[in-house]
Amino acid sequence: MIAREAIPAPAGMLAELTHRCPLGCPYCSNPLELEKPASELDKATWKRVFSEAAEAGVLHVHLSGGEPCVRADIAELTAHCADVGLYTNLITSGVGLNRKLFDALVEARLDHIQLSLQDAEAASADRIAGYDGAFARKQEIAHWTVEAGLPLTINAVMHRANIARAARMVELAIELGARRVEVAHTQYYGWGLVNRAALMPSREETEIAVAAVEALRKKHDGVIVIDHVVPDYHARYPKACMSGWARRTFNVTPSGKVLPCHAAETIPGLEFWNVREKSVAEIWYGSPAFNAYRGVEWMKEPCRSCDRREIDFGGCRCQALALTGDACNTDPICEKSPLHAEIGSIAAIDAATGAQDYRYRRMNARA
Amino acid sequence: MTPGPDCKPRLPRGVRLKHDAVRGEWLLLAPERVIKANPVAVAVIEKCDGVRSLSEIVDDLAQAYQAPRETIERDVTKLVADLATKRMVDL
Numbered sequence: 001m002i003a004r005e006a007i008p009a010p011a012g013m014l015a016e017l018t019h020r021c022p023l024g025c026p027y028c029s030n031p032l033e034l035e036k037p038a039s040e041l042d043k044a045t046w047k048r049v050f051s052e053a054a055e056a057g058v059l060h061v062h063l064s065g066g067e068p069c070v071r072a073d074i075a076e077l078t079a080h081c082a083d084v085g086l087y088t089n090l091i092t093s094g095v096g097l098n099r100k101l102f103d104a105l106v107e108a109r110l111d112h113i114q115l116s117l118q119d120a121e122a123a124s125a126d127r128i129a130g131y132d133g134a135f136a137r138k139q140e141i142a143h144w145t146v147e148a149g150l151p152l153t154i155n156a157v158m159h160r161a162n163i164a165r166a167a168r169m170v171e172l173a174i175e176l177g178a179r180r181v182e183v184a185h186t187q188y189y190g191w192g193l194v195n196r197a198a199l200m201p202s203r204e205e206t207e208i209a210v211a212a213v214e215a216l217r218k219k220h221d222g223v224i225v226i227d228h229v230v231p232d233y234h235a236r237y238p239k240a241c242m243s244g245w246a247r248r249t250f251n252v253t254p255s256g257k258v259l260p261c262h263a264a265e266t267i268p269g270l271e272f273w274n275v276r277e278k279s280v281a282e283i284w285y286g287s288p289a290f291n292a293y294r295g296v297e298w299m300k301e302p303c304r305s306c307d308r309r310e311i312d313f314g315g316c317r318c319q320a321l322a323l324t325g326d327a328c329n330t331d332p333i334c335e336k337s338p339l340h341a342e343i344g345s346i347a348a349i350d351a352a353t354g355a356q357d358y359r360y361r362r363m364n365a366r367a
Numbered sequence: 001m002t003p004g005p006d007c008k009p010r011l012p013r014g015v016r017l018k019h020d021a022v023r024g025e026w027l028l029l030a031p032e033r034v035i036k037a038n039p040v041a042v043a044v045i046e047k048c049d050g051v052r053s054l055s056e057i058v059d060d061l062a063q064a065y066q067a068p069r070e071t072i073e074r075d076v077t078k079l080v081a082d083l084a085t086k087r088m089v090d091l
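Those protein sequence lines, which keep their order, are chains P and B.
If you count the first sequence from 1, position 28 lands on 28 in our numbering, and the numbers rise without skipping.
If you count the second sequence from 1, position 24 lands on 24 in our numbering, and the numbers rise without skipping.
Treat the hints with care, since some could be wrong.
[Stated by the list, open to error] Here are the computed lysine-lysine pairs in the DSBU-like style, where the Cα-Cα straight-line distance is at most 30 Å:
#1 P:Lys-278 - P:Lys-47
#2 B:Lys-36 - P:Lys-218
#3 B:Lys-36 - B:Lys-18
#4 P:Lys-47 - B:Lys-18
#5 B:Lys-86 - B:Lys-36
#6 B:Lys-86 - P:Lys-218
#7 B:Lys-86 - P:Lys-43
#8 B:Lys-78 - P:Lys-219
#9 P:Lys-300 - B:Lys-18
Just so you know, these hints were derived from the structure itself, not from any lab.
Since we're looking at a predicted model, the values are computed, not measured.
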């Protein structure tokens, strides 16, 4: 086990305030087993958790969900975060955010809004979200945000239904007044994995989209910051998932479970601690789940002797588990993985299915 | 982009300088970004108030640090240009 002194303080916290959400995006990063409203932490507990996070060294807090604006106390929680010195980022669908609540959030000293856009065309965007009228609603929220002088990020998740418009999404973000855009190719966990055959684009479509977005980076330098999360299944090396397991950030679920990442609960045998019983600092430094894959001691070959082991940390543990059956294996996205060739085949087969129907992310849907 | 001597750089809402007691250092916080700020950067960023011009900021710092004006001007311009590209400073 890694010595406590060698563990850096946490820099970011993702607060999943609720799993309730009006949208049904088929690549949602929430788990398949969504937590019920009755199990959500109450306001006083969230405030304590935010105070403890700030004391432990957290800088950015991401107020997320589900849709965080369905919590009646969202403005009060935001104000509390500001009081304890946290930088607040509201990750919202925009649906459920009315003018009164928006003004309350501005008043509460919210620092930044990240708004999701499902596509650059209304009909397609609303189909992907599983919600009629969502696209139009989002335009209005973007307008309010810019008018209030708040920095706006547009988050655009790319997959087969919208990948032809990847560059158009960046242009739309600029038109909406965003200072930053995240073009994030779908990650295949949870809902994304269930819907992979309906989401996976072809290699050719992916390469065209990636090149088009990269070209815009140079063209709009100083106008918009483009963060590009490149597609996994077509890569040579894995992503440095979460910048390394339990190195920078943690997630708190609606019921208070503290996770190293969104999908960590898919790994069997990990023991997660809950903020109802322990403080944030106790959990960050002591939770068995956090210490399971810290450092490099847990690695097997080819990671253990690889000169990239502290660049990408062996990729993603959850993906290694999902695709190889062992979370300690090299993420098979890596070309050094013996299973790497299969990833290309999976992607090609899924891309060729032409599947259209999504299993929408819903509270009662069972995978 | 190269900021001119008359521009008045300022931090937009959503970008702020914070002294972090846990790590014992100054940080510039922005959407999804944290940049460590050394003492010179802190001195520059604190003066980016939308009132003072770049030229006035350079004058202030040249005096405060008793350093050649052209050296300060080069460093300040580079820092402000870099932050503007990252959309952490508005010109």
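Okay, the hints, checked on the actual structure:
no.: 1; hint: P:Lys-278 - P:Lys-47; in the structure: 14 Å, holds
no.: 2; hint: B:Lys-36 - P:Lys-218; in the structure: 25 Å, holds
no.: 3; hint: B:Lys-36 - B:Lys-18; in the structure: 10 Å, holds
no.: 4; hint: P:Lys-47 - B:Lys-18; in the structure: 21 Å, holds
no.: 5; hint: B:Lys-86 - B:Lys-36; in the structure: 14 Å, holds
no.: 6; hint: B:Lys-86 - P:Lys-218; in the structure: 13 Å, holds
no.: 7; hint: B:Lys-86 - P:Lys-43; in the structure: 35 Å, violated
no.: 8; hint: B:Lys-78 - P:Lys-219; in the structure: 20 Å, holds
no.: 9; hint: P:Lys-300 - B:Lys-18; in the structure: 40 Å, violated
Checked against the numbered hints above, the structure violates hints 7, 9; every other hint is satisfied.
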